[in-house]
Amino acid sequence: MGKLIAYEFLSMDGYMAGKAGQEMDFVTSKFLPEMEEDIALAYQHVDRFLFGKTTYESLAQYWPTVSQEEEPLADIMNKMHKVVFSSTLGQLEWNNAHLAVKGLEQEVRSLKEKEGKDIMIIGSASLVQQLTGLGLIDEYRFLLFPVLLGGGKPLFKAQEKAINLHLTKSKAYTNGTLLLSYTRE
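Note that my numbering numbers the sequence shown so that position 166 is 150, with each residue one more than the last.
Be aware that one or more of the hints could be misleading.
Pairs of lysine-lysine residues, derived as DSSO-like cross-links and limited to a Cα-Cα distance of at most 30 angstroms, are as follows [as the list claims (entries may be wrong)]:
1) K145 / K(-13)
2) K86 / K145
3) K63 / K101
4) K3 / K96
5) K37 / K14
6) K63 / K86
7) K155 / K(-13)
8) K155 / K96
9) K141 / K153
10) K37 / K3
11) K153 / K98
12) K63 / K37
13) K63 / K155
14) K14 / K145
15) K96 / K14
16) K98 / K3
17) K155 / K141
18) K96 / K145
19) K37 / K137
20) K14 / K137
21) K96 / K37
22) K3 / K141
23) K96 / K(-13)
24) K63 / K96
25) K145 / K63
26) K3 / K155
27) K3 / K101
28) K37 / K86
29) K(-13) / K137
30) K98 / K86
31) K(-13) / K14
32) K37 / K145
Ranges of calculated distance between the beta carbons of each label pair, as one might list FRET restraints [as the list claims (entries may be wrong)]:
33) N159 / G(-2): 18 to 28 angstroms
34) S42 / K101: 18 to 28 angstroms
35) P56 / G87: 30 to 40 angstroms
36) L73 / H150: 34 to 44 angstroms
37) G87 / S42: 38 to 48 angstroms
38) N148 / E53: 37 to 47 angstroms
39) L73 / V50: 33 to 43 angstroms
40) E7 / V85: 11 to 21 angstroms
Keep in mind that the hints were calculated from the coordinates and are not lab data. Everything numeric in this text was worked out from a predicted model, so none of it was measured. Don't be surprised by glycine CBs; every beta carbon is placed ideally from N, CA and C.
Turn these sequences into a full structure, and let the hints guide you.
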């Protein structure tokens, strides 16, 4: 039985993308090889990703087109099992991707009960928001980049009540980015 991990890139003011909702230059301009190595290590403990429609479409356009030489994570991204939550997507072209067949809560509970490694959400703000509200995310990992965007796509929106988190691990990179891991209290 694996745990569900949300692994997110964030600005210091809580945005996961710029004002148009897609810009990630605050990440790409500061991304270090050491971060990629740490992400690759984290992926060794994962056997499937969960994506919403927007994140799936963005990643499915990029990862199948790059080689392992260009992107060290290419093989992992392309071979990983992917569960996509969307009511509007039809056929999924990216390797090992399929649409969720049950409702969000039922599908995630079922996946968490299966034997296997951890499950990871990348991006997919709406999934993170919904699964946070359902209490189904076991761990949050944030790569917190030292930039204030002043607006954009927030990871979290208003919730009914506060959710207390417990810091389990932290790491500071030479560029000022922090890796912060939290569990729910």
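Now the hints, each set against the structure:
1. K145 / K(-13): holds (23 angstroms)
2. K86 / K145: At roughly 27 angstroms apart (the allowed maximum being 30 angstroms), K145 and K86 satisfy the hint.
3. K63 / K101: holds (15 angstroms)
4. K3 / K96: Roughly 34 angstroms separates the two Cα atoms, so the pair is violated.
5. K37 / K14: holds (26 angstroms)
6. K63 / K86: The given pair, whose Cα atoms are some 23 angstroms apart, holds under the 30 angstroms limit.
7. K155 / K(-13): This hinted pair holds, its Cα atoms lying about 21 angstroms apart.
8. K155 / K96: Distance of about 27 angstroms is within 30 angstroms: holds.
9. K141 / K153: With Cα atoms ~24 angstroms apart, K141 and K153 stay inside 30 angstroms; holds.
10. K37 / K3: It holds: about 19 angstroms lies between the C-alpha atoms, which stays within 30 angstroms.
11. K153 / K98: holds (26 angstroms)
12. K63 / K37: holds (19 angstroms)
13. K63 / K155: Measuring from Cα to Cα gives roughly 28 angstroms; hence the hint holds.
14. K14 / K145: violated (34 angstroms)
15. K96 / K14: violated (33 angstroms)
16. K98 / K3: violated (38 angstroms)
17. K155 / K141: Answer holds: K155 to K141 is near 26 angstroms, not above 30 angstroms.
18. K96 / K145: Answer holds: K96 to K145 is near 24 angstroms, not above 30 angstroms.
19. K37 / K137: With a Cα-Cα distance of about 15 angstroms, the restraint between K37 and K137 holds, given a limit of 30 angstroms.
20. K14 / K137: The hint holds at about 19 angstroms.
21. K96 / K37: holds (21 angstroms)
22. K3 / K141: holds (15 angstroms)
23. K96 / K(-13): holds (6 angstroms)
24. K63 / K96: holds (20 angstroms)
25. K145 / K63: violated (38 angstroms)
26. K3 / K155: Holds, at about 28 angstroms.
27. K3 / K101: Given pair K3, K101 is violated - Cα atoms ~35 angstroms apart, limit 30 angstroms.
28. K37 / K86: holds (15 angstroms)
29. K(-13) / K137: Holds, because 26 angstroms separates the two Cα atoms, which is no more than 30 angstroms.
30. K98 / K86: Measuring from Cα to Cα gives roughly 15 angstroms; hence the hint holds.
31. K(-13) / K14: holds (29 angstroms)
32. K37 / K145: Holds, at about 27 angstroms.
33. N159 / G(-2): 18 to 28 angstroms: holds (19 angstroms)
34. S42 / K101: 18 to 28 angstroms: holds (24 angstroms)
35. P56 / G87: 30 to 40 angstroms: Once the Cβ atoms are compared, 36 angstroms apart, the range 30 to 40 angstroms for G87 and P56 holds.
36. L73 / H150: 34 to 44 angstroms: holds (36 angstroms)
37. G87 / S42: 38 to 48 angstroms: At roughly 24 angstroms between Cβ atoms, S42 and G87 fall outside 38 to 48 angstroms, so the hint is violated.
38. N148 / E53: 37 to 47 angstroms: Cβ of N148 to Cβ of E53: about 44 angstroms, so the range 37 to 47 angstroms holds.
39. L73 / V50: 33 to 43 angstroms: Since the Cβ atoms of L73 and V50 sit about 22 angstroms apart, the hinted range of 33 to 43 angstroms is violated.
40. E7 / V85: 11 to 21 angstroms: violated (33 angstroms)
This entry does not satisfy hints 4, 14, 15, 16, 25, 27, 37, 39 and 40, going by the numbered hints stated previously.
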